[in-house]
Amino acid sequence: MAQEQFKLGIVGASGYAGQALHALTMHHPCISPWIVKARSPGDLDRASREQLRRCDVVALALPHEPATQWTAALVELGAARILDLSDARRRDPEVHYGLPELFGAPPADARFVANPGCYPTATLLSLRPLIERELIHPRHIAVLGTSGASGAGKGVAEHLHFCNLTGNSFPYKVGEHRHIPEIEHHLGGGATINFVTQLLPIVRGMLVTSFVEPRVGPEQLREALVDHYAAHPWVSVLEQPGQGLGLGHVVGSHQALIAVGPAARSDLVPVLASIDNLMRGAASLALHNLNLWLGLEPGLGLPPPLADSPSGTPRTFASLVRPPLLPPSDHV
1 MAQEQFKLGI
11 VGASGYAGQA
21 LHALTMHHPC
31 ISPWIVKARS
41 PGDLDRASRE
51 QLRRCDVVAL
61 ALPHEPATQW
71 TAALVELGAA
81 RILDLSDARR
91 RDPEVHYGLP
101 ELFGAPPADA
111 RFVANPGCYP
121 TATLLSLRPL
131 IERELIHPRH
141 IAVLGTSGAS
151 GAGKGVAEHL
161 HFCNLTGNSF
171 PYKVGEHRHI
181 PEIEHHLGGG
191 ATINFVTQLL
201 PIVRGMLVTS
211 FVEPRVGPEQ
221 LREALVDHYA
231 AHPWVSVLEQ
241 PGQGLGLGHV
251 VGSHQALIAV
261 GPAARSDLVP
271 VLASIDNLMR
281 GAASLALHNL
291 NLWLGLEPGL
301 GLPPPLADSP
311 SGTPRTFASL
321 VRPPLLPPSD
331 HV
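Residues 1 to 332 (my numbering) are what the sequence shown spells out, left to right.
I should point out that these hints are in silico values taken from the structure, not numbers from a laboratory. Check the hints yourself; a few may be wrong.
Claimed, not checked - With a cut-off of at most 16 Å between alpha-carbon atoms, the simulated EDC-like pairs for lysine to aspartate or glutamate come out as follows: (1) K7 - E50; (2) K37 - E50; (3) K7 - D43.
Start from the sequences, fold in the hints, and give me the full structure.
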């Protein structure tokens with residue numbers, strides 16, 4: 001029996017996240033991607049407007065302001081569903097927040113889904129189940145997030161030049177990062193965080209370490225995470241933090257790795273999470289949401305979950321054995 005086919009319009013397919021989403025959906029058995037070439041809604045010709053009306057979903061892989069402009073134009077055009085990868089509507093109470101392991105599948109009749117950011121994804125996956133169960137104090141949380149340079153997008157900036165970034169690492173936007181309100185909002189429980197981000201001299205991958213004040217022992221924190229994610233194969237809770245959290249284990253995958261420090265010192269316990277910022281933090285999460293939203297199998301088109309929790313140093317060139325994430329240049 002033939003599977004139902006869906007058409008996905010992608011606005012912003014030249015960006016890193018847009019390229020990765022295009023690459024994933026190019027080989028999807030039920031989703032056919034179509035790249036919107038117009039740079040702004042005003043550039044759309046009649047044929048493109050008609051194509052957008054016929055799309056089952058339009059994905060916006062854009063920054064905040066362009067995404068807001070495109071959303072307004074797509075609503076006026078009568079677009080059926082809009083998946084927004086920007087932070088424009090992530091705190092809108094009328095928009096589904098697309099982190100399936102925490103907030104479930106998008107309702108079939110929803111018109112909008114807000115795809116979480118990379119730092120919020122890693123932080124929320126590691127902390128929200130603990131706050132929901134009141135196992136940690138929600139107002140004593142310090143978060144250190146480290147990320148590869150692709151998280152900054154394609155914009156030209158001096159600190160992203162190869163000569164300035166390679167062999168270097170530094171904090172940025174300390175205390176004023178745009179993801180702070182999003183993280184606090186979706187952590188719930190009145191949570192407040194002290195959030196510091198650092199740029200790493202690598203292309204992709206993200207490791208987030210949260211220092212929390214526990215109300216129970218570290219092992220009980222870990223057990224709560226294991227219990228919460230028992231039915232979610234793309235989240236692995238490791239026995240303990242270490243080399244198993246290495247970014248080489250997650251780059252190219254949809255997997256999130258979480259670990260809890262084995263002991264409390266200074267009344268604090270570290271809770272750690274690593275993801276691929278372009279995949280689990282953007283494109284593969286978008287595809288996971290699309291599958292659920294369209295009533296498809298959740299894992300269609302996604303790299304398979306890790307068979308075992310990783311440990312030790314990641315294999316050399318491990319990412320080369322995974323499916324390609326960026327399309328050839330003639331597809332961009």
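Now for the hints, and whether the structure bears them out:
Only pairs whose Cα atoms come within 16 Å are accepted, and K7 paired with E50 is accepted, the gap being roughly 13 Å. A threshold of 16 Å between alpha carbons decides the hint, and for K37 with E50 the separation of about 14 Å falls inside it, so the pair holds. Between K7 and D43 the alpha-carbon distance is near 21 Å, which puts this suggested pair outside the 16 Å criterion.
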